[in-house]
Each structure stands twice: as C-alpha cells, then as structure tokens.
Amino acid sequence: MDARKSLTVAKYLFKNYVLNPFVKRFKTAVLAFLIVCVAAGILAAVAFSLSPSQPEAEANQTGEEPGLGWSIREALLQAGIDKGDAISALGAMFALSLLLMLTVGTAAIRVMEEAEYELLLAQPMELSTYFLGREIAELAQMSLMSLPYFGFLPIAYELSGGNMTKALLFPVTMFTAVAFLSALSTLVNVVRILAEERERLLRLGAAAYYSVGAAHSLLTWQISPLLSLPFKPLAEALVHCVTITEGVREVLIGWGLSVSILLAIEAVTIRLADLVPPEFVRPISELAREARSKGGRKEISLYSPDPGASLFRFAFSLEVLSPVHLRNLAIALAASGVAGLAMLRVGPRFGLELGAASVAVSLVTPLVVAEMAIFLVGSIMARDLAAMWVLRVYALDLVPLASGLLLKYTVYLSEAFLVLGVFESLIVREPLALLQPLVVLPITVFVVLLLLVSTSYLASKRRIVRRMPTGLYMFEDIALLVVALIVVPAYMLATFLFKEVLLPRLTPQTTALVVAASLGLSWLLHEASKKALAGAIRVFDLAS
Amino acid sequence: MRPIEVSGLIKRYGRTEALRGLTFSVREGEIYGLLGPNGAGKTTTLKILVGLLTPDAGVARICGHDVVRDRVRALEAVGYVPENPVCFQNLTVREFLEFVGALRRLGEDDVHEAIDRYLSLFGLSEKRDELLGNLSRGMIQKVLVSAAFMVRPRVLVMDEPMAGMDPEAQHAFKEEVRRMTSQGVTALISSHLLDMVERFCTRVGIINEGVLVAEGTVEEVKSRAESGEEATLEEVFLRIVGE
Ligand SMILES: Nc1ncnc2c1ncn2[C@@H]1O[C@H](COP(=O)(O)OP(=O)(O)OP(=O)(O)O)[C@@H](O)[C@H]1O
Ligand SMILES: [Mg+2]
Numbered sequence: 117m118d119a120r121k122s123l124t125v126a127k128y129l130f131k132n133y134v135l136n137p138f139v140k141r142f143k144t145a146v147l148a149f150l151i152v153c154v155a156a157g158i159l160a161a162v163a164f165s166l167s168p169s170q171p172e173a174e175a176n177q178t179g180e181e182p183g184l185g186w187s188i189r190e191a192l193l194q195a196g197i198d199k200g201d202a203i204s205a206l207g208a209m210f211a212l213s214l215l216l217m218l219t220v221g222t223a224a225i226r227v228m229e230e231a232e233y234e235l236l237l238a239q240p241m242e243l244s245t246y247f248l249g250r251e252i253a254e255l256a257q258m259s260l261m262s263l264p265y266f267g268f269l270p271i272a273y274e275l276s277g278g279n280m281t282k283a284l285l286f287p288v289t290m291f292t293a294v295a296f297l298s299a300l301s302t303l304v305n306v307v308r309i310l311a312e313e314r315e316r317l318l319r320l321g322a323a324a325y326y327s328v329g330a331a332h333s334l335l336t337w338q339i340s341p342l343l344s345l346p347f348k349p350l351a352e353a354l355v356h357c358v359t360i361t362e363g364v365r366e367v368l369i370g371w372g373l374s375v376s377i378l379l380a381i382e383a384v385t386i387r388l389a390d391l392v393p394p395e396f397v398r399p400i401s402e403l404a405r406e407a408r409s410k411g412g413r414k415e416i417s418l419y420s421p422d423p424g425a426s427l428f429r430f431a432f433s434l435e436v437l438s439p440v441h442l443r444n445l446a447i448a449l450a451a452s453g454v455a456g457l458a459m460l461r462v463g464p465r466f467g468l469e470l471g472a473a474s475v476a477v478s479l480v481t482p483l484v485v486a487e488m489a490i491f492l493v494g495s496i497m498a499r500d501l502a503a504m505w506v507l508r509v510y511a512l513d514l515v516p517l518a519s520g521l522l523l524k525y526t527v528y529l530s531e532a533f534l535v536l537g538v539f540e541s542l543i544v545r546e547p548l549a550l551l552q553p554l555v556v557l558p559i560t561v562f563v564v565l566l567l568l569v570s571t572s573y574l575a576s577k578r579r580i581v582r583r584m585p586t587g588l589y590m591f592e593d594i595a596l597l598v599v600a601l602i603v604v605p606a607y608m609l610a611t612f613l614f615k616e617v618l619l620p621r622l623t624p625q626t627t628a629l630v631v632a633a634s635l636g637l638s639w640l641l642h643e644a645s646k647k648a649l650a651g652a653i654r655v656f657d658l659a660s
Numbered sequence: 012m013r014p015i016e017v018s019g020l021i022k023r024y025g026r027t028e029a030l031r032g033l034t035f036s037v038r039e040g041e042i043y044g045l046l047g048p049n050g051a052g053k054t055t056t057l058k059i060l061v062g063l064l065t066p067d068a069g070v071a072r073i074c075g076h077d078v079v080r081d082r083v084r085a086l087e088a089v090g091y092v093p094e095n096p097v098c099f100q101n102l103t104v105r106e107f108l109e110f111v112g113a114l115r116r117l118g119e120d121d122v123h124e125a126i127d128r129y130l131s132l133f134g135l136s137e138k139r140d141e142l143l144g145n146l147s148r149g150m151i152q153k154v155l156v157s158a159a160f161m162v163r164p165r166v167l168v169m170d171e172p173m174a175g176m177d178p179e180a181q182h183a184f185k186e187e188v189r190r191m192t193s194q195g196v197t198a199l200i201s202s203h204l205l206d207m208v209e210r211f212c213t214r215v216g217i218i219n220e221g222v223l224v225a226e227g228t229v230e231e232v233k234s235r236a237e238s239g240e241e242a243t244l245e246e247v248f249l250r251i252v253g254e
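Just so you know, the sequences run in chain order A and B.
Take any residue in the first sequence, note its place counting from 1, add 116, and you have its number in my numbering.
Take any residue in the second sequence, note its place counting from 1, add 11, and you have its number in my numbering.
Treat the hints with care, as some may be off.
Said to hold, decoys possible - Just so you have them, the derived chain B footprint on chain A, three or more residues with Cβ under 8 Å:
{"#": "1", "region": "222-233"}
{"#": "2", "region": "239-249"}
{"#": "3", "region": "349-359"}
{"#": "4", "region": "393-403"}
As the list claims (entries may be wrong) - Residues of chain B clear of chain A, computed beta-carbon distances all greater than 10 Å:
{"#": "5", "residue": "T27"}
{"#": "6", "residue": "N95"}
{"#": "7", "residue": "L102"}
{"#": "8", "residue": "T103"}
{"#": "9", "residue": "A113"}
{"#": "10", "residue": "R139"}
{"#": "11", "residue": "A158"}
{"#": "12", "residue": "G175"}
{"#": "13", "residue": "E186"}
{"#": "14", "residue": "L205"}
{"#": "15", "residue": "I251"}
Stated by the list, open to error - One side of the interface only, derived from the structure: several residues of chain B facing chain A at Cβ under 8 Å:
{"#": "16", "residue": "F35"}
{"#": "17", "residue": "V61"}
{"#": "18", "residue": "L63"}
{"#": "19", "residue": "L64"}
{"#": "20", "residue": "D67"}
{"#": "21", "residue": "C74"}
{"#": "22", "residue": "H76"}
{"#": "23", "residue": "R82"}
{"#": "24", "residue": "V83"}
{"#": "25", "residue": "V97"}
{"#": "26", "residue": "V111"}
{"#": "27", "residue": "L114"}
{"#": "28", "residue": "L142"}
{"#": "29", "residue": "L249"}
Keep in mind that the hints were calculated from the coordinates and are not lab data.
We put the CB at the ideal spot given by N, CA and C, even for glycine.
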C-alpha cells in the first residue's frame, strides 16, 4: 500500500464527485444552505439555552407548559417505547441493514463513474492503495453531507433536557453512524467477493443467524440481543444524545466504541483489498442495467400503428403490467396481510396496544410513501428519461409519454399505500382503511407531477443522464429534500384528514360519493398534468 | 524477455469463453496490430494486460513482470487507452492529466510541460480548463491518448485509439507513436481500420474466437493466406477469419 498515492486518489475523487460538480458550480446557493443549517441550529440552540422559560424536566412534572421535547417523549412513552426499546430497535435496524448488505444484490465494489475502474485501476497501484483513497474521499464527502444534521440541534437540545454538549455531539454521532454503515457495506462486499462460490453459504449462514434472532425475538416479544447487540454502542450513542439521564460521558463511551469499530472495519477492508480482483470494481450504471435485464423481459408488444399508443405502452404498460411487477405486488400484499394477522393474534397476548400500533402505522405510512417517491427519482432518470433523445427525435407528441409516466408512478405510490393499508385495516379491523389510496389519489397525482417535473428539471441540468442512474449528486439530494418538505406534510395532512375526519363519518352513500369525487378529481388533475409535464419536458429541452 | 508476453490466456465470462489459450508476444520497438472481428477477444486481452481483468488461466507479462502478481511494477511501464471514451465527468482536462501524473510520480514541471505539449499537439490547448464531461467523444479520446503518452511508458496498450479522431489528430497520433517506438517504446494496438493498420503497424496478429489465427508482418500474413501481394489486408482478413 502506498499512502501518498491514496491521498492523491482521495483528492481527485473528492474533486470529481463533490468539489467540482457541487461546491464550485453552485457555490453560493449550496454553501449558503449548509451554513444556514449549521448557523440556524446553533443559534436556535443557544437561544433556547438562554431563554428563561426553558422547559426543565421538573417544570414539566409540575404540569406547566410542556415543551416540544417533552411532548415527543410523552408520545413515545404512550406508544410503549422507552429508551431501552429505542436502543434495541435502532440496533435491530442496523442489523437489518447488515442482513440486506449480505444478501441483496450483486457482490461488487460500486463506483459512480466507469472511469474509476477503467482509468484509475489501470494505473500502477495496489488495490489497497485505491481502497484507502476511496474510503478517505468517501469520509470527506459524508462529513460534508452531515452538516445539515446541525439543523437538528434545537430538537436534540430540547430532548436532552438542555444539554448543549450532548446536543452538539448529536450531528457528530449521526455522521459516525452514516460512515459506519458505509464502511460496513464496503467490507461486506469485499467479503462476499472473496467468498466466491461460497457466497451462497455466506448468505445462507446470514439468513440462518437472522432467522434465529427473529424467532428469539418473537418468543420473548422483545428484540433479541442476537440482533441488536452487535450495533449496540452505535445505537446507544445516538439515543443517549437525546435522553435526559445519561451524561456526556455515556455518549462519549458509545461514540468512542463506534469509532474504534469503524476504524477496525476500515483496516480490515484495506487489508483484504489486495485480494479483490479489480473487475469487481463496477460502475453502478452497469449494475443497474444488469439487474434490469435479469428481471426478465416482458411479453408486451410495443408496436402499434398509433405512435402515441406505443409511447404510452413504453412508459406505462411495459413495467406496470409486467409479470415481475405483478408478482412483487402480490408478494408485498401477502406479506403485509400475514404481518397484520400475526400482529392481531400475538400482539394482545403480549400486552401490545393495537391502537398504538395503528397510530404508529398512520404516522409511518406517509413517510414511507414519500420516501419511496424520492427514491423513485433515480429510477425515473435511469429508465424513463434516459432514452429521451430517441423520443425527442421521433415522437412529436410527448403527451402520451407524460400520461404514461404519470400513471405509472401514481400506480406505484398507490400500491405502496395499499400494501400498508392491508396491514392497518387488519389490525384496526376496519376494511374501509383500504380506501385510503383512493381517497388520497388526487394528492398522489399531484405529488407525481411534482416529482416528474423536478426530476426532468434536474435531468436537464446534468450533462449525461445515462452515466448516473442511481447515484445522485449532492445538489440533487438537496433539491429532493425540498420536494420532500412538500410531499411529506401533504401526505401527513391527507392521512390525518382521512383517518380522523372522514373514516368515522363514512356511510355507504358518503363512501361512494367520496371515492367518486376523488377519482373524478384525480382524472381531471391527470388530464391537466399530462399536458403540463409534456410542456415542461419540452421547455427544459430535455434530450438526455 | 520481451516487453509484452502473453501465454495460454484463458478468460471466461460466465459461459462465454472469450479467450481460449491465447499466446503471443511483442518485441521492443514494434507497433503490433491486434486484429479480429467483433467479439474476438481483443478488448479482453488488452484489459488483462493492464490489470483490469484477471485471467482464469495463463500469464500476461509486461517487461517481465506478471501483471497479476506484480501489478504495480508491471503497470508502471504501461500507458493505456481504453476502448470507450470514459472519463471523470467533473474533472477538468488539466486536473485529470495532473491526477495521472501524480499517480506516476512525475515531477510537477514535467507534468505541466507534457500537458502543454500534448494538448497543443492535438489542438486542445483552449480546452485545458474545460470539464471532461463537456467535451466531445473525439476530444475525450485525445485526452486519454495524451494521458497514455504523458506517463513516459515503455509499453503502450491502446484499444482502438483512433476511434472518433479527426484525420489531423490521427496523423499526429501516428507520428508520435512512431517517434516513441523509434526510441524503444513498444506499442500494442487493437483496431478495425485495416488499411490504417496495413501502413502503420510493423507486425499484426489476427485473433478469432479467443485464439491467434495468424501472425507476422503484413506481407507474411498475406502470403500465408495465399492471397498474393496485391490483395488488401481486408481481403486477407476476411479470408483468414472465414476459414
Ligand atoms: N463483461 C462481459 N460480460 C460477458 N461477456 C463479455 C463481457 N465482455 C466481453 N464479453 C464477451 O467476450 C467476448 C470477447 O469480447 P471483447 O470485448 O474482448 O471483443 P473485441 O474483440 O474487443 O470486440 P470489438 O471488436 O467489438 O471491440 C465476446 O463474445 C463478448 O460478448
Ligand atoms: Mg473491443
């Protein structure tokens, strides 16, 4: 290994992925955003700490004007979640992501640009040299991306009962967590690559271990330490940042442990790197292409004498009506149903409040769907906008394309609602909850329009769409954050209205009325949106 | 010891056997043209030579160093031009060339001198501070060739290096390769442009379905294919590959 060359690699990778496309180009806008995040966080926290009516723990106990932190805490406690639960849940979440790393996808070292393989690895250096450089660049990138976590300072300050040091440790711990997961993922991929034919065994072993963990959790109705223990220090550090009783010392212990483990992971990765054959360093665009072709080609003919119909089929039918998609939907619905039934049967026996679970689901549903919407952006760029130039050259009318795209993503988001709705309607024994996707349909259409327009806009701003199917530049991440700021509250509000206002008042007549109104409105919106979207694509001069 | 030695190379991609025991070598100062139809295994061979692919069997040596076992030493001698014009989209031309120079431990002055020289050779001097992602395909190709020339290689490995280049640049490219080989550099070039190869390469190897089917000077290959002196390399090529 050659540390000096590693530094060179890190320097230019950072330049290529962060400095030039992001910091340099959108200098003022984005730097300002970051600075505002940090400054606002610190200022707000300072303001809180100086304000005389600061919500102290004792003040709340006497019942005077509970602060935000306190109400969140109350809400969590009422849902039956305490500190210990939070730690093991977080630990289990990390464990789950490890399971995914171990079992999902192709074993490969993913790089954003093909040049990182084709040009960089043909230079005289060992793979360990390259890995070290790459990890340094990634850490630098993640630390920059972690600056917005300072925006959470006031909340962390509130929650920790006014401990400024702990509040300041929160962004640092978040960064550590992100770095930890990223490093772990690299290591897991290296191990999977080196396992070669035994990779299957590795996956089976992981699956077996996690099954035992899951079974143990079900038996005791508690998250098994088998699952949560390996990630306990990290989870503890994160949770202790926002608790009252633990001091700075506890946070530092958890954090220090996590950092040591992180460093150990990096060291092992770099040790093993020289054994990795270079061809396993692969651009994500190639991996995405491969995954798609593995998905099995569908038997839908694209040909039609009407070019508009062909275009619509290309955008909509080809994917939505494909056997793979229908199968996945069926699996998801079945899994959700089984989970709901299991919850219904075992939940009460262990004193689990189904009402609280339902509240949790209502809170989570819009978040999940909004999250998914954001996630879809990568796929929109890769699949739907990648071949744009062909369409621009041959198809004069983009409206059928716009219509197909709108419909496709509306269907996807509605399906997500449906899947979560099945679970919920089972545990609250309210079949009408299944209507939610229909009732929020107009919002979904609007959200999809917003997503597609902003994605087209983003795509028109980058020079070569094809090169980065899933990897987004940071600028784009931030733009999406803004979209999320619109999407999440919209869905939250809609869910709330549906659950609290509409559902209790539904009679058969009003149900029909509401559904009809919603469908009609959605149709109108769709008609208006497809023209708007086609226009937007034209205006942005999107030609991939 | 020859600058490029390849023996018994086997490479499989899943079930496709791209190379099936390929053996050949290139002498110092030669311009060796590797010819073959699409899918013959040219790119695979070249990628093995520059350590991007690991062969399933066989050895590839650059200046006596096994590219798998002695990766760094072998690659220190190599300048490589990939088949596709890949590039770091968000580095400028100069940054990219400086990057390559830094990885080769060239002195700063040497790097800047080389950058000036090759950019003006290919008429890219104005583009030096342009992002690579903003360049045309042919321009990227010129930058990649400059990077390969710049590192003071003893061996040039180039996969269809003239693809996308305008005639002027092709001429400059050939002149520079000739100059370098006259000073003892060895060049291995894969190409489709048969008439170009005919006048440019000192020796050619024809590869088909992963094995070498003919080798020698252009004249030797022609006579082996019994097609007479006046046949073009194209006719010879079609004949050999068609066998
Ligand atoms: N990544 C890969 N995965 C699977 N098969 C591959 C891969 N790369 C090449 N092949 C197969 O290996 C064989 C040789 O390919 P190679 O790219 O070496 O040919 P080539 O001589 O360079 O062709 P061309 O003249 O078209 O550039 C082909 O049959 C090709 O399909
Ligand atoms: Mg090729």
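Going through the hints against the structure:
no.	hint	verdict
1	222-233	holds (count 5)
2	239-249	holds (count 4)
3	349-359	violated (count 0)
4	393-403	holds (count 3)
5	T27	holds, 14 Å
6	N95	violated, 7 Å
7	L102	violated, 5 Å
8	T103	violated, 8 Å
9	A113	violated, 5 Å
10	R139	holds, 15 Å
11	A158	violated, 8 Å
12	G175	holds, 16 Å
13	E186	holds, 24 Å
14	L205	holds, 26 Å
15	I251	holds, 30 Å
16	F35	violated, 20 Å
17	V61	holds, 4 Å
18	L63	holds, 6 Å
19	L64	holds, 5 Å
20	D67	violated, 11 Å
21	C74	violated, 12 Å
22	H76	violated, 10 Å
23	R82	holds, 6 Å
24	V83	holds, 5 Å
25	V97	holds, 4 Å
26	V111	holds, 7 Å
27	L114	holds, 5 Å
28	L142	holds, 7 Å
29	L249	violated, 31 Å
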